[in-house]
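Working from the sequences, and respecting the hints, build out all of it.
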Amino acid sequence: MKRLLALGLALGVVVAGCGGGGLLGGGLKIGMVTDIGQLEDKSFNEFSWKGVQDGASAVGGTAKNIVTKDIADYKQNIQSFVDQKYDIIVTVGFLIGTETTAAAKANPNIQFFGVDQFIADPIPANYQGLLFNEAQAGYLAGIVAGTITKSNKIGAVGGREDVPPVVNYIKGYQNAAQATKPGVQVLVNYVGDFNAPDKGEASAKTMIGQGADVIFQVAGLTGAGALRAACSAKIWGIGVDVDQYQSLPDSKACIVTSAEKRLQNAVRDGIKRFKDKGKQSGNFTNDATNDGIGYSPLRNLNPVPAGLEDKLKQALADMKSGKLKPVP
Amino acid sequence: MDAIATFFRLIWELGVYLFTVVPDLLPIILALATPLALGALCGVLNERSGVVNIGIEGIMLMAAFFAYLTGFALHSAVGPGASIALGILVAIIVGGLLGLAHAWLTVSVRADQIIAGTMMNIAAFGVTGYLNRLIITPSGLGGAGVIAPFHLPDAVANLPIAGPVLVMFFDQGPIAMSVLFIVIALQFALFRTRWGLRTRAVGEHPKAADTVGIDVYRQRYLNVILGCGLAGLAGAFLTLESTGSFQNGMTNGRGFIALAAMIFGRWTPIGAFAGALLFGTATALGVVVSIRVPEGDLGNIMRSIPSNWYAALPYLMTIVILAGVVGRSTPPAADGVAYVKEGKG
Numbered sequence: 001m002k003r004l005l006a007l008g009l010a011l012g013v014v015v016a017g018c019g020g021g022g023l024l025g026g027g028l029k030i031g032m033v034t035d036i037g038q039l040e041d042k043s044f045n046e047f048s049w050k051g052v053q054d055g056a057s058a059v060g061g062t063a064k065n066i067v068t069k070d071i072a073d074y075k076q077n078i079q080s081f082v083d084q085k086y087d088i089i090v091t092v093g094f095l096i097g098t099e100t101t102a103a104a105k106a107n108p109n110i111q112f113f114g115v116d117q118f119i120a121d122p123i124p125a126n127y128q129g130l131l132f133n134e135a136q137a138g139y140l141a142g143i144v145a146g147t148i149t150k151s152n153k154i155g156a157v158g159g160r161e162d163v164p165p166v167v168n169y170i171k172g173y174q175n176a177a178q179a180t181k182p183g184v185q186v187l188v189n190y191v192g193d194f195n196a197p198d199k200g201e202a203s204a205k206t207m208i209g210q211g212a213d214v215i216f217q218v219a220g221l222t223g224a225g226a227l228r229a230a231c232s233a234k235i236w237g238i239g240v241d242v243d244q245y246q247s248l249p250d251s252k253a254c255i256v257t258s259a260e261k262r263l264q265n266a267v268r269d270g271i272k273r274f275k276d277k278g279k280q281s282g283n284f285t286n287d288a289t290n291d292g293i294g295y296s297p298l299r300n301l302n303p304v305p306a307g308l309e310d311k312l313k314q315a316l317a318d319m320k321s322g323k324l325k326p327v328p
Numbered sequence: 001m002d003a004i005a006t007f008f009r010l011i012w013e014l015g016v017y018l019f020t021v022v023p024d025l026l027p028i029i030l031a032l033a034t035p036l037a038l039g040a041l042c043g044v045l046n047e048r049s050g051v052v053n054i055g056i057e058g059i060m061l062m063a064a065f066f067a068y069l070t071g072f073a074l075h076s077a078v079g080p081g082a083s084i085a086l087g088i089l090v091a092i093i094v095g096g097l098l099g100l101a102h103a104w105l106t107v108s109v110r111a112d113q114i115i116a117g118t119m120m121n122i123a124a125f126g127v128t129g130y131l132n133r134l135i136i137t138p139s140g141l142g143g144a145g146v147i148a149p150f151h152l153p154d155a156v157a158n159l160p161i162a163g164p165v166l167v168m169f170f171d172q173g174p175i176a177m178s179v180l181f182i183v184i185a186l187q188f189a190l191f192r193t194r195w196g197l198r199t200r201a202v203g204e205h206p207k208a209a210d211t212v213g214i215d216v217y218r219q220r221y222l223n224v225i226l227g228c229g230l231a232g233l234a235g236a237f238l239t240l241e242s243t244g245s246f247q248n249g250m251t252n253g254r255g256f257i258a259l260a261a262m263i264f265g266r267w268t269p270i271g272a273f274a275g276a277l278l279f280g281t282a283t284a285l286g287v288v289v290s291i292r293v294p295e296g297d298l299g300n301i302m303r304s305i306p307s308n309w310y311a312a313l314p315y316l317m318t319i320v321i322l323a324g325v326v327g328r329s330t331p332p333a334a335d336g337v338a339y340v341k342e343g344k345g
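Residue numbers (my numbering), protein chains in the order written: chain A, 1 to 328; chain B, 1 to 345.
If you are wondering where the hints come from, they were derived from the structure by calculation, not from laboratory data. Take these hints with a grain of salt, some might be off.
Sample of chain A residues with no beta-carbon within 12 angstroms of chain B, all distances over it, derived [claimed, not checked]:
1) Asp87
2) Pro122
3) Val184
4) Asn195
5) Asp198
6) Gly200
7) Lys205
8) Thr206
9) Gly209
10) Gly278
11) Thr285
12) Asp287
13) Gly294
14) Lys313
Just so you have them, the derived chain A footprint on chain B, three or more residues with Cβ under 8 angstroms [what the hints assert, rightly or not]:
15) 206–212
16) 241–247
17) 300–310
Per label pair, the in silico range of CB-to-CB distance [claimed, not checked]:
18) Gln79/A - Ala185/B: 54 to 64 angstroms
19) Leu95/A - Met302/B: 47 to 57 angstroms
20) Val304/A - Ile270/B: 33 to 43 angstroms
21) Gly322/A - Ala312/B: 54 to 64 angstroms
22) Glu295/B - Gln178/A: 17 to 27 angstroms
23) Ile114/B - Gln210/A: 17 to 27 angstroms
Keep in mind it's a predicted model, so treat the numbers as computed, not measured. By construction, the Cβ of each residue, glycine as well, lies at the ideal position given by its N, Cα and C atoms.
Written out as structure tokens, the structure is:
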């Protein structure tokens, strides 16, 4: 009896903790399935969801999300939106791509969007991958780091080496820093975890001990720890994905800029394209040409080094025209 | 023969490498070890008095959340310093209250102690995740502020040998700094005071303790609440001293590694602290080896090992330690056994 009481208490609380999404009105029904983890990841789940909400209010639809707890649940989560006759299903993350392809083939009347999913041929007519050129965004961060470093040593803290977007950001960063200031040394560390701020802090502190004076983080919450270490050592930090000067107020004092990947806009625009032009297919790359990547306003630099803004604008223009390739 | 010589040379190089790297790592190690050490002390206090508590993970998470919430809500009203101090206080109180709940379930109601702890973990994950989505995320703000670490003057930090050790313990925020003192105080209290003797008595042989007039229930309640207050402090460390933000499930298994540190330390405060430092060292080395790779053959070998293996180092160590490298460690005799007073129950 007592055990039952205890278990009952626990279950009651868990049930209260579940359940997602809000309803916004009539019209198109838009569902989003997140990658494993949580909606509040301060990164792609959270900002894709904001994009879905923006898109829903732009086209006058309703939005709902399902948070995936386990890889094994991808299929079921997509299917539950299919069963409820949703018009658009957005899936988030590289790993859920296979299940999304299968669902798109089986349900030609539903539009699918896949954030960070590259779709191989044959591409279903109702499935569009939303990709980002992270190397370009990383390149912009590298220009900033290469310009402001005084010690000629800069660092990058990555989440996992087997996640292509992370590696792309860092490659762009390395190349730009070396092109901006020849001979600069770039310390790179993949911590192997997106959810361990203490490890990020340990990693950044070690780089700082080696003389690095700019730290670029591409590691989610792990990276938040890296930026904290940068701030407490009074050196510069560079954020990732969104303007982290806004999203990480505790590191406001040292974030000079962030390499942005405009997830929210990309998802919102995808939904609008569907509303205006019907079924969307193929791989849609968000890069310099369509303002899909960029850098956040420069901050904390007093004064901003002469010519830095110009260099960044020039690089953006050259990437737009195709003259500059961040990763040769 | 050559192979053996090479092997010994590599071992030697590894020793030299560790000797050069570890002093720089000391402050990082203590910071990584702090939540583990506080969690392990919670385990020591609980189990020494006969109550198994596997809910340390959940208690840490709950305390971390409420500490953050307090700091976050009062930040602009009372200023950063006071809001953080209040946040820490709230964390300790939340830990103590959850300890009270655990004590009620295990001591008074005599529920299964493992189930009570599991419930704590599951409930904490749900409650904090739900409230995080309800309160913190929509505000679009973050930031309860963090405690600025204290910095030793360079003259002291550069002292040979003593310098790095002083930096380890004093180039820290207040919670990490206090751990050493809490460990020493508890070690003394547990083995040199009346309270300590009574605690060990109710954990080893509650019936004997009862016959000489020690109130077993009262002693267990007290220690579970005290211990869980320390786990609460560990939670406050995570949000208010270490990261400055709250993330769902951010304790990430630390409560369980703390239990491993407790077993490693054979249920003594100093031993548990040593265990926590060992895990802290493994984690720090896992991160650092790929940034500071040594020259020569050793460097080549270390470079060829995938980074995932380094990241897994602390977990591998947990398995090795729990599998018995430390030898037979014997828990208190009445650990995990509810006490039924004769004539009651």
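Taking each numbered hint in turn, which are not upheld by the structure, reported in ascending numerical order? Hints 4, 5, 6, 7, 8, 9, 15, 19, 20, 21 and 23 not satisfied by this model.
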